[in-house]
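Chemist: Go by the hints and put chain B onto chain A.
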Amino acid sequence: MANATDTKPTESTRRDFLMLATGAAGVVGLGAVVVPLVSQLAPDAQTVAAGAPIDLDLAPIAEGQAIKLFWRGKLIFVRHRTKKEIDEARAVNVASLPDPQADQARVKEGHEQFLVVYGNCTHLGCVPLGNNPGDPKGDFDGWFCPCHGSHYDSSGRIRRGPAPLNLPIPPYAFTEGTKIRIG
Amino acid sequence: MSGHSSYVPKTGFERWLDARLPIIRLAHDSAVSYPVPRNLNYFWTFGGILMFMLVAQIVTGIILVMHYTPHATMAFNSVEHIMRDVNYGWLLRYLHSNGASMFFLAVYIHIFRGLYYGSYKAPREVLWILGVVILLLMMATAFMGYVLPWGQMSFWGATVITSLFSALPIVGETIVTFLWGGFSVDNPTLNRFFSLHYLLPFMIFGVVILHVWALHHVGQNNPTGVEVKNVAKDTVPFTPYATVKDLFAMVCFIFVFAYFVFYTPNFMGHADNYIPANPAVTPAHIVPEWYFLPFYAILRAVPDKLGGVIAMGAAIVVLAFLPWIDSSKVKSMSYRPIARQLFWAFVVVCIGLGWLGAMPAEGGYVIASQIFTVLYFGYFVALFVVGLFERPKALPNSIADSVLGTLQGGSGARMGTAVAAEPNAKG
Chain A
1 MANATDTKPT ESTRRDFLML ATGAAGVVGL GAVVVPLVSQ LAPDAQTVAA GAPIDLDLAP
61 IAEGQAIKLF WRGKLIFVRH RTKKEIDEAR AVNVASLPDP QADQARVKEG HEQFLVVYGN
121 CTHLGCVPLG NNPGDPKGDF DGWFCPCHGS HYDSSGRIRR GPAPLNLPIP PYAFTEGTKI
181 RIG
Chain B
1001 MSGHSSYVPK TGFERWLDAR LPIIRLAHDS AVSYPVPRNL NYFWTFGGIL MFMLVAQIVT
1061 GIILVMHYTP HATMAFNSVE HIMRDVNYGW LLRYLHSNGA SMFFLAVYIH IFRGLYYGSY
1121 KAPREVLWIL GVVILLLMMA TAFMGYVLPW GQMSFWGATV ITSLFSALPI VGETIVTFLW
1181 GGFSVDNPTL NRFFSLHYLL PFMIFGVVIL HVWALHHVGQ NNPTGVEVKN VAKDTVPFTP
1241 YATVKDLFAM VCFIFVFAYF VFYTPNFMGH ADNYIPANPA VTPAHIVPEW YFLPFYAILR
1301 AVPDKLGGVI AMGAAIVVLA FLPWIDSSKV KSMSYRPIAR QLFWAFVVVC IGLGWLGAMP
1361 AEGGYVIASQ IFTVLYFGYF VALFVVGLFE RPKALPNSIA DSVLGTLQGG SGARMGTAVA
1421 AEPNAKG
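Top line first, the protein sequences correspond to chains A and B. In terms of the numbering used here, the first sequence opens at residue 1 and continues consecutively. In terms of the numbering used here, the second sequence opens at residue 1001 and continues consecutively.
One side of the interface only, derived from the structure: several residues of chain A facing chain B at Cβ under 8 Å: (1) 74; (2) 124; (3) 125; (4) 147; (5) 148; (6) 162; (7) 164.
Source of the hints: derived by calculation from the structure; they are not laboratory data. Note that the Cβ used here is the ideal one computed from N, Cα and C, for glycine as well.
Next up, chain A with everything else stripped away, as it sits in the complex (with noise of 0.2 Å):
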């Protein structure tokens, strides 16, 4: 069957050619696209420039206080501990624990009061109850989260329910005295 299409064998080649080098533009391209579609879908430079540090003054939190801030959209808890929950913490076989983390790691050396963690659940990212004097603190004087049930200690650790990992802390240092900057 003769008609337009049939080729010989030396026109192949350079079709076969125009083939490859078209399939090679094209896949070259098609990556060229992929880069700025995906990523725009980052946080873009207004949302990285809002994590420039924040400086906080800690002294105005009684023992058993807890308060609530924001840095970098994200939810942070600084808390003064009581004696109470601190010995608690320590007290506890770091070994046995869901995200083995003793509380002395959790802390910073001299502040053992102040513990300051990122706000949302490990599991899927609900703020837990225990800030305020009326919440519930869960079974080991931390925080719960009403979403899901996880309990959390006095240090922030996952003791118990779905989160995997205990409250991370958020980078930040001790600056003179009570002073602390986040970031």
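Modeler: Relative to chain A, chain B alone:
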């Protein structure tokens, strides 16, 4: 199942158009002369109802966008503006929000119809899988739409559901950040959800066209599960038989829809969503919309974060594999004594999971959710096992036989005349 076209252009213009774009022929062949099994019951009207709901959602949605502002600081107030200031804004919004619930109500009935009558079996596997794709798209659309009013439930629903992806190992956190466009759910999240909420209904529409195409290629299943053998005896033309029946069912369904819209428009909503989004406080009891509750219960039943997410996804995806899981050759459960009981048990399990999903995740509710989750997946295992040994009841020889009854082995020719003489014998 559709034979050759019976369309005859009547006017000169129709002949002219038919030679250039046979669109009237297409409409005639698929909505007028198209043969439908004569024994369809009212469960077969939900396809038409769903088409109506999709169009209703798109129309009300496009109008709402004319008054809505997709911005974290203005979205909540713009919805209140629609409710209070826009002429009939309250009606349009209530139609849209209750419409979502009605859409899911209809789709779940449609799905259970398919499960009961074995509509997923050969040759309708692709038709069925397209349906599962539509269900997934509907879920994504409904979820993103619920975020737009930017109330407390919107915000925390968005947080919880997007956080599901953080369960994935290694890439999880990055994916969540890319979904959010920030380090928490915020304005960028609202904007992209708005964009996608506008897009997805049109994608649904596209897949619906494929769904209907596949349906019209293989023909409709029917309550006996016996395929059409003789088009003249087993089927009736789509118009007027199916058209009138579909429209009648649609009107009845619209009555139910209207009852919710006009008498109890917030019945299926949550009061918390009338509180503006507050990223510092999670409502004490957050639950998704009712149509997600069974899957939410499965998510919470698994004590492991990643495990829960996988189980929830599997609960939907498993449906797509049903054509190959069900080992029985008999389609309709009417002829399957054991599988029929399993089916009704499955219905109870789904409703039970829905109820458990609305309860707090503690104590006995968690244990019950775990039992029901096992039962949910157990249905699919049981369907495979039962098909291997179950003895089905005798199937009718044909659809016409099943409709006209008492004709076990009766003469087909005689029946043919009876049908021709009285086409309205059974709608």
